[in-house]
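Asks: My request is simple: use the sequences and hints to build the entire structure.
Chains as they are written, first to last, in the numbering used here: chain X, 418 to 551; chain P, 418 to 551; chain H, 418 to 551.
Careful: at least some of the hints might be erroneous.
As the list claims (entries may be wrong) - Using 20 Å as the maximum straight-line C-alpha spacing, the simulated SDA-like pairs for lysine to any residue come out as follows:
1) H:421 <-> H:444
2) X:423 <-> H:526
3) X:421 <-> H:444
Unchecked claim - Quick list of the computed label-pair ranges, beta carbon to beta carbon:
4) X:541 <-> H:537: 33 to 41 Å
5) P:537 <-> H:437: 43 to 51 Å
6) X:470 <-> P:427: 21 to 29 Å
No wet-lab data here; the hints were simulated from the structure. Using N, Cα and C, we set each Cβ at its ideal position, and we do this for glycine too.
As a plain string of letters, each chain reads:
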Amino acid sequence: MMLKRKLSTSNRTDFVDATGLVQAAVRELGLNEGVVVVFNPHTTAAVTINEGADPDVVRDMSVSLDRIVPWQAGYHHAEGNAAAHIKASMFGSSVTVIVEGGSLQLGTWQKIWFCEFDGPRQRHLWIRPLGPTP
Amino acid sequence: MMLKRKLSTSNRTDFVDATGLVQAAVRELGLNEGVVVVFNPHTTAAVTINEGADPDVVRDMSVSLDRIVPWQAGYHHAEGNAAAHIKASMFGSSVTVIVEGGSLQLGTWQKIWFCEFDGPRQRHLWIRPLGPTP
Amino acid sequence: MMLKRKLSTSNRTDFVDATGLVQAAVRELGLNEGVVVVFNPHTTAAVTINEGADPDVVRDMSVSLDRIVPWQAGYHHAEGNAAAHIKASMFGSSVTVIVEGGSLQLGTWQKIWFCEFDGPRQRHLWIRPLGPTP
Chain X
418 MMLKRKLSTS
428 NRTDFVDATG
438 LVQAAVRELG
448 LNEGVVVVFN
458 PHTTAAVTIN
468 EGADPDVVRD
478 MSVSLDRIVP
488 WQAGYHHAEG
498 NAAAHIKASM
508 FGSSVTVIVE
518 GGSLQLGTWQ
528 KIWFCEFDGP
538 RQRHLWIRPL
548 GPTP
Chain P
418 MMLKRKLSTS
428 NRTDFVDATG
438 LVQAAVRELG
448 LNEGVVVVFN
458 PHTTAAVTIN
468 EGADPDVVRD
478 MSVSLDRIVP
488 WQAGYHHAEG
498 NAAAHIKASM
508 FGSSVTVIVE
518 GGSLQLGTWQ
528 KIWFCEFDGP
538 RQRHLWIRPL
548 GPTP
Chain H
418 MMLKRKLSTS
428 NRTDFVDATG
438 LVQAAVRELG
448 LNEGVVVVFN
458 PHTTAAVTIN
468 EGADPDVVRD
478 MSVSLDRIVP
488 WQAGYHHAEG
498 NAAAHIKASM
508 FGSSVTVIVE
518 GGSLQLGTWQ
528 KIWFCEFDGP
538 RQRHLWIRPL
548 GPTP
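Replies: What follows is the structure in structure tokens.
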């Protein structure tokens, strides 16, 4: 019942619009009315919902997060990506989106973003419908 | 099955207690046992759960967020509200609350807060029950 | 249908691995396919999903959060734990985890963490299955 989808990120910090991928999964799963849980199975990545119209919004988020959680700050975790783990918990591991008539219900400016904090990498998103499916 | 509710915010940053509004929606939807998803469809607002007894808690949150994510920081997004977008992703687009016997299950001090980060504005909350409804 | 589980924290800031506790609750609830909502009913604590292999990851998160949200910063909330409330909203009140074949579906390195921000205390986690149960 859960669909696994692959995606690629292109930079150390990268925001990938996953809205189309999630909408296609909802169609494939046959979910008409309910919600969909979009889960990120990685510990240095996250999922969030934010503006998709102006690419500067996610660019500003990326720069701001680097200021709030610097890459170097005397961390003990030896892999050099402690900052990425902290950002992952600040943004969260999943989003829940309402579905009506088979369509994701998002606000006018909202998109679902996969948030890469330690890329570039091959990543996954897990998509789980809740509600009556055929 | 999703209810849309309106609310007004009064300041640029504003926390509005939406607990009563959500509880009333759960009653109207006839949800007795399950969970309710409370979704904010805006990209410069959020929903969170936090203390409702002392109004200084949300006041401190507002001031702290302005310190962590300053309004001016060389952002590229031209609308002057880049900080509001970042705060929105830090606090999250939705909360999920358990319902038993028709009542929201919240801890003693918990309230559901609509978080305005670029007001004052007219805003919406979308409320979706999950569980057997009449 | 909701299970309430107790746990103890040992420090002012403390991360307790709750994965086993949640998995045991899923078994007890008889949830085979669906999702589980793990809800924290406290306003100075949170739940997050992050790495469990290297204990330095949660140690780095704890130190970083103290830097981002200092304990003393001219707060108005009189109880001395305003910072804990802010961290609670940054990390979030619940996580939603997919269940298949009776097992929590988590990424290779992911664990479910109860996040104490104003301990040590006795705390609770509320666990609610969504999906067909016996």
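Asks: Each hint: holds or not?
Replies: So, going through the hints one by one against the coordinates:
no. : hint                        : result
1   : H:421 <-> H:444             : holds (14 Å)
2   : X:423 <-> H:526             : holds (18 Å)
3   : X:421 <-> H:444             : violated (24 Å)
4   : X:541 <-> H:537: 33 to 41 Å : holds (37 Å)
5   : P:537 <-> H:437: 43 to 51 Å : holds (46 Å)
6   : X:470 <-> P:427: 21 to 29 Å : holds (27 Å)
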